[in-house]
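Sequence lines, in order, name chains B and R. So in this note's numbering, spot 96 of the first sequence is number 93, and the numbers just go up one at a time. Position in the second sequence (from 1) plus 547 gives the number in this note's numbering.
Treat the hints loosely; a few may be bogus.
Unchecked claim - In silico EDC-like cross-links for lysine to aspartate or glutamate, where the CA-CA straight-line distance does not exceed 16 Å:
1) B:Lys85 - R:Glu655
2) B:Lys62 - R:Asp630
3) R:Lys564 - R:Glu655
4) R:Lys577 - B:Glu51
5) R:Lys619 - R:Glu679
6) B:Lys85 - R:Asp630
7) R:Lys577 - B:Glu143
8) R:Lys564 - R:Asp654
9) B:Lys28 - R:Asp643
10) B:Lys75 - R:Glu585
11) B:Lys123 - B:Asp99
12) B:Lys123 - B:Glu51
13) R:Lys665 - R:Glu585
14) R:Lys619 - B:Asp47
15) R:Lys564 - R:Glu679
16) R:Lys665 - B:Glu40
17) R:Lys665 - B:Glu82
18) B:Lys85 - R:Glu674
19) R:Lys577 - B:Asp47
20) B:Lys77 - R:Asp661
21) B:Lys141 - B:Asp47
22) R:Lys665 - B:Glu143
Claimed, not checked - According to the in silico footprint, chain R covers these stretches of chain B (three or more CB under 8 Å from chain R):
23) 10 to 17
24) 41 to 48
25) 105 to 114
Claimed, not checked - Pair by pair, the computed Cβ-Cβ distance ranges are:
26) B:Thr14 - R:Lys577: 46 to 56 Å
27) R:Gln681 - B:Met58: 25 to 35 Å
28) R:Leu563 - B:Thr125: 33 to 43 Å
29) R:Thr673 - B:Thr81: 48 to 58 Å
30) B:Gly89 - R:Glu639: 45 to 55 Å
31) B:Pro133 - R:Val636: 42 to 52 Å
32) R:Asn601 - B:Ser106: 18 to 28 Å
33) B:Asp99 - R:Asn601: 32 to 42 Å
If you're looking for bench data, these hints aren't it; they were derived computationally from the structure. Here the structure is a predicted model, which means the values were calculated and not measured. Every residue gets a Cβ at the ideal spot worked out from N, C-alpha and C, and that includes glycine.
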Amino acid sequence: MKHITSKNGMALVLAMTLTMALLILGSSYLKSISQRSNSNTIELGTIQADLLAEGITQIAMLKLKELPGPLYYAALCKAKGNGTEALKTYNGDSVLNGSIKDEFIAQYSTSFAMLPSKLYEDMNAKITVVLNLSRPDGRAYEKKIERTVSGARKLSVK
Amino acid sequence: MIPIAGLMGYGGKATLKDARRITAIQMLDKTMRSLLSEPFNEIPIGNNIVKSFNNITLGDVSVPNGVVYSVKLTSQHINTAFDYKTVNVHTEKFNDTNPLSTDFGSDETLTLNDSVLKLSLTVSWTEEKSKEVQVSAITFRANFSRRTI
């Protein structure tokens, strides 16, 4: 039987140290590669959410352009403490509060409000779109867009 | 040493694969943002449109690293129904600065059939010689230049 000398023992220690070093290097390399792929997935989810929220904001701005009067009076009615029903109706559109289940899953909601500048003499409306998207990595991502639209108000003629 | 060299090779392939995916995501983002600022009436309607228009590049797009991406647009009008309550502003009791809940009338709906487009864009390319992969996004484009009723 061959005796293990101290020289042989040193070689074994050296070989094991080298193997450990290569293992650590290799595993950290693999980890960095997998993290990079994950960050691409996160970036895609963020872009999908941004683009969809921007599109919903466009629809909301179209509604405001078409129907500014009902929002103004509904918001003023609420601000004066006279009721919230009209504003609730204005905010309740299914096209602005819904979900997408096509290529990805997302839920979104939209709300309109009036900013009380100059005690409602001006028409300063605020549109808020909140979108929750399930990213490809399975995590939830929220995107919020707030847009203020300013305009002059024409008084009603009796 | 051979497995280590193999690992390095795998790492290089993964980096190139990542780069191809990043290019596709950037292409998707850039094209969609351009679509959001294109004139509404100049956006074509249809499924899987590959014909370029204005500043929008569709169809097969080659990039310097030799990869060919296929960019397809699906564009359809969607019906939009906007709910609101009418306001009885022409009554004697109506106070312009203090509207009451009784000043509001029935629920009304403004329906627009051709003022919003749903835009779906897909960028696809080939990985590992035959495996097709894709990234896609959805947005909406509203027609702000339509005549208000």
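Would you mind confirming whether the straight-line C-alpha gap from R:Lys577 to B:Glu51 stays at or under 16 Å?
14 Å, holds
Assessment of proposed distance window 46 to 56 Å (beta carbons of B:Thr14, R:Lys577):
Holds, at about 50 Å.
Does R:Glu674 sit within 16 Å of B:Lys85, going by the straight-line distance between their CA atoms?
Distance ~50 Å between B:Lys85 and R:Glu674 Cα, so the pair is violated.
Check the following: the C-beta atoms of R:Leu563 and B:Thr125 are separated by a distance inside 33 to 43 Å.
Holds, at about 42 Å.
Compare the distance between the alpha carbons of R:Lys665 and B:Glu143 with 16 Å, and conclude whether the hinted pair is satisfied.
Status violated; Cα separation ~21 Å.
Satisfaction of hint between B:Asp47 and R:Lys619, Cα-Cα up to 16 Å:
20 Å, violated
Mind checking the alpha carbons of B:Lys123 and B:Asp99 for me, to see if they're no more than 16 Å apart?
29 Å, violated
Given the hint of 42 to 52 Å, is the C-beta distance from B:Pro133 to R:Val636 inside that range or not?
50 Å, holds
Please work out if R:Lys564 and R:Asp654 have their alpha carbons no farther apart than 16 Å.
Violated, at roughly 54 Å.
Is the straight-line distance between the alpha-carbon of B:Lys85 and that of R:Glu655 16 Å or less?
Holds, because 13 Å separates the two Cα atoms, which is no more than 16 Å.
Pair hint outcome, R:Lys665 versus B:Glu40 [Cα-Cα no greater than 16 Å]
22 Å, violated
For the stretch 105 to 114 of chain B, count the residues whose Cβ lies under 8 Å from any Cβ of chain R; is that count three or more?
violated (count 0)
The structure shown violates the earlier hints numbered 3, 7, 8, 9, 10, 11, 14, 16, 17, 18, 20, 22, 23, 25, 30, 32 and 33.
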